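Chemist: Chains A and B are the protein sequences, given in the same order.
Start counting the first sequence at 10; every next residue gets the next number (my numbering).
Start counting the second sequence at 22; every next residue gets the next number (my numbering).
It should be emphasised that the hints constitute simulated quantities derived from the structure, not laboratory data.
Be careful, since some hints might not be right.
Claimed, not checked - Taking lysine-lysine and the DSSO-like style, the derived pairs with C-alpha atoms no more than 27 angstroms apart in a straight line are:
#: 1; chain 1: A; residue 1: LYS11; chain 2: B; residue 2: LYS51
#: 2; chain 1: B; residue 1: LYS96; chain 2: B; residue 2: LYS82
#: 3; chain 1: A; residue 1: LYS11; chain 2: B; residue 2: LYS151
#: 4; chain 1: A; residue 1: LYS209; chain 2: B; residue 2: LYS177
#: 5; chain 1: A; residue 1: LYS223; chain 2: B; residue 2: LYS137
#: 6; chain 1: B; residue 1: LYS96; chain 2: A; residue 2: LYS223
#: 7; chain 1: B; residue 1: LYS135; chain 2: A; residue 2: LYS223
#: 8; chain 1: A; residue 1: LYS374; chain 2: B; residue 2: LYS195
#: 9; chain 1: B; residue 1: LYS96; chain 2: A; residue 2: LYS209
#: 10; chain 1: B; residue 1: LYS107; chain 2: A; residue 2: LYS207
#: 11; chain 1: A; residue 1: LYS47; chain 2: A; residue 2: LYS179
#: 12; chain 1: B; residue 1: LYS177; chain 2: A; residue 2: LYS223
#: 13; chain 1: B; residue 1: LYS195; chain 2: A; residue 2: LYS223
#: 14; chain 1: B; residue 1: LYS82; chain 2: B; residue 2: LYS151
#: 15; chain 1: B; residue 1: LYS195; chain 2: B; residue 2: LYS107
Remember, it's a predicted structure, so these values are computed and weren't measured experimentally.
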Amino acid sequence: MKQFTGFLRKEFLHIFRDPRTMIIIFALPVIQLLLFGKVISTDIQNSKIAIRDESRDNTTREITAKLLSSGYFVPADELLPGDDVEEVFRKGKVKMVVTFGSNFEQNLERDGKADVQLLADASDPNTARILTSYASGIINDYVKKEKLQNLQLPHQINTEVRMLYNEGLKSVYMFVPGIMAMILMLISAMMTSISISKEKELGTMEVLLASPLKPIQIVLGKVTPYLLLSFINALTIILIGVFIFGVPIKGSFIFLMAESFLFIMMALSLGILISTIAPNQMAAMFISVLALMLPTILLSGFIFPIENMPAPLRILSHAMPPRWFIVIIKNIMLKGTGILFVWKETLILMLMTFVFIGLSIRTFKIRLE
Amino acid sequence: MQEKVIEVHDLVKKFGSFVANDHLNFEVYKGEIFGFLGANGAGKTTAMKILCGLSAPTSGKVKVAGFDICRETEKVKRTIGYMSQKFSLYEDLTISENIRFFSGIYGISPAERKAKQETLLRNLELGSAKDSLIGSLPLGWKQKLAFSVAIFHDPKIVFLDEPTGGVDPITRRKFWDLIYEAADRGITVFVTTHYMDEAEYCNRVSIMNNGRIEALDTPENLKKQFGAKNMDEVFLKIARNVE
Chain A
10 MKQFTGFLRK
20 EFLHIFRDPR
30 TMIIIFALPV
40 IQLLLFGKVI
50 STDIQNSKIA
60 IRDESRDNTT
70 REITAKLLSS
80 GYFVPADELL
90 PGDDVEEVFR
100 KGKVKMVVTF
110 GSNFEQNLER
120 DGKADVQLLA
130 DASDPNTARI
140 LTSYASGIIN
150 DYVKKEKLQN
160 LQLPHQINTE
170 VRMLYNEGLK
180 SVYMFVPGIM
190 AMILMLISAM
200 MTSISISKEK
210 ELGTMEVLLA
220 SPLKPIQIVL
230 GKVTPYLLLS
240 FINALTIILI
250 GVFIFGVPIK
260 GSFIFLMAES
270 FLFIMMALSL
280 GILISTIAPN
290 QMAAMFISVL
300 ALMLPTILLS
310 GFIFPIENMP
320 APLRILSHAM
330 PPRWFIVIIK
340 NIMLKGTGIL
350 FVWKETLILM
360 LMTFVFIGLS
370 IRTFKIRLE
Chain B
22 MQEKVIEVHD
32 LVKKFGSFVA
42 NDHLNFEVYK
52 GEIFGFLGAN
62 GAGKTTAMKI
72 LCGLSAPTSG
82 KVKVAGFDIC
92 RETEKVKRTI
102 GYMSQKFSLY
112 EDLTISENIR
122 FFSGIYGISP
132 AERKAKQETL
142 LRNLELGSAK
152 DSLIGSLPLG
162 WKQKLAFSVA
172 IFHDPKIVFL
182 DEPTGGVDPI
192 TRRKFWDLIY
202 EAADRGITVF
212 VTTHYMDEAE
222 YCNRVSIMNN
232 GRIEALDTPE
242 NLKKQFGAKN
252 MDEVFLKIAR
262 NVE
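Just chain A, same shape as in the assembly (with noise of 0.2 angstroms):
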């Protein structure tokens, strides 16, 4: 135990001498976490849109002035009936065109027809998508509410939409399990991995094996570190959601502690397999990038959806780990979920921790023969 305590001691000091070190475990997941959740968050806020408005009754008025009101927009310009629309995008300020026809307000109560048209800057289309959607669901709803009432078309269908789970369609909600994931993944395999393969790196690593300290000693010395400050990194990222940006933990919060531990455990055991292969710092660091950030990113559904991917990647994702994980803390903390709707995910995460573990003990045995 005296061993191990001095041994801890010197990781933490390894730990705390290294600035790169430091910035990674305390700076990093905070500074993802507000970059994501507040700057390069995909809620429409504030767009600038155009109207063009060939009719000017009341009825555009009042539609012009709900999609102002709305919070989604904002008025850059008021365009006259044979102004360039091009020209508006071209200059890149403005996000979308209104277009009103003439006589709209006459044509919808005589007809129940009048025309809009939405010009959206396509250019990014995962914003135009967004923002036509939100302002033609604003105008249906001031039709509906406003205007047909009076008229009592015949057999009208009213879809109603409510967006269950994340009311508010918060994008917040999805980016906290996505960089917990992300940031567990970092440093628990990452960190672990690098640290090991320093000591093989600087022939410390002889040194320790011949020395009457056994490899587990050894291998559980390096991580344990990396365990506790990952723990606290989880709970960081956790309260950063909950008391900034408001993200709700529904679910049982030890349930959820459990299951990060669980994740990190993971990362953990695959940081000590990287470590097994890798010759040097280097090149771990090049394996945990290369095989654990840009997967963590792409493929585990954190920013894109795994149902939009073609088929080998989808197939791919499932061996993706933070994909499991972010499913688990997705259901406890939005849904209010427990064990028996993600035992499936917590297993195959149980599963391969296992895998990892069997297979770091065989690779280090074959080295040492």
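Use these hints to put chain B onto chain A, whose structure you have.
Modeler: The following block gives chain B in isolation, referenced to the frame of chain A:
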């Protein structure tokens, strides 16, 4: 008859079909400085790793400090010290932090550590550098410190794997003074090197070639046997004979 601290009988180590150590047989006595020579790739490091318990032999019997290397690896590790080719100290820790860490591994009590650390630093004239990071020290100091730390727990045998690589002759000479001091204290020194002038400093040397020990005796006897002026010539003659 002197006490044997290392006994090697028919040691064979194979990596696939490659034979790194081909039936090695030798003994090392207590308190002697044993030079383990050979060209790069001759199998010295492989044999040394087996003696330190870092690697398992394919066949043969190896006893270190009276313990069987295969069955009593833990006991062997407790009684030996090891210094690798690269530095075995942590560059981002201070001298006293390194000493504290390695003492902890070998179970040296804090009181004993403090007393020994003081003598060590006084002998090396490093007293004022106690709290400097290893990374900030010159190469020669690092090597001396690494050696002192390797024998800090008073092992019966210390294994040095090319300890003087990359330093100037004067520093090397000073390093050998430390080795003599350790040998005087009764610590057996097992050292690999490819500097032939260092071979002259050893009590006995063995010369390896292609996985086999081709010669083993005192430097004096070897020179007589091969009719050579110095160890360099002995080495070259052996290499030529084998070819």
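Chemist: Now look at each hint and say whether the structure bears it out.
Modeler: To see whether the hints hold, each was checked on the structure:
no.	hint	verdict
1	A/LYS11 / B/LYS51	violated, 32 angstroms
2	B/LYS96 / B/LYS82	holds, 16 angstroms
3	A/LYS11 / B/LYS151	holds, 23 angstroms
4	A/LYS209 / B/LYS177	holds, 26 angstroms
5	A/LYS223 / B/LYS137	holds, 26 angstroms
6	B/LYS96 / A/LYS223	holds, 12 angstroms
7	B/LYS135 / A/LYS223	holds, 26 angstroms
8	A/LYS374 / B/LYS195	violated, 39 angstroms
9	B/LYS96 / A/LYS209	holds, 24 angstroms
10	B/LYS107 / A/LYS207	holds, 12 angstroms
11	A/LYS47 / A/LYS179	holds, 11 angstroms
12	B/LYS177 / A/LYS223	holds, 20 angstroms
13	B/LYS195 / A/LYS223	violated, 34 angstroms
14	B/LYS82 / B/LYS151	violated, 43 angstroms
15	B/LYS195 / B/LYS107	holds, 19 angstroms
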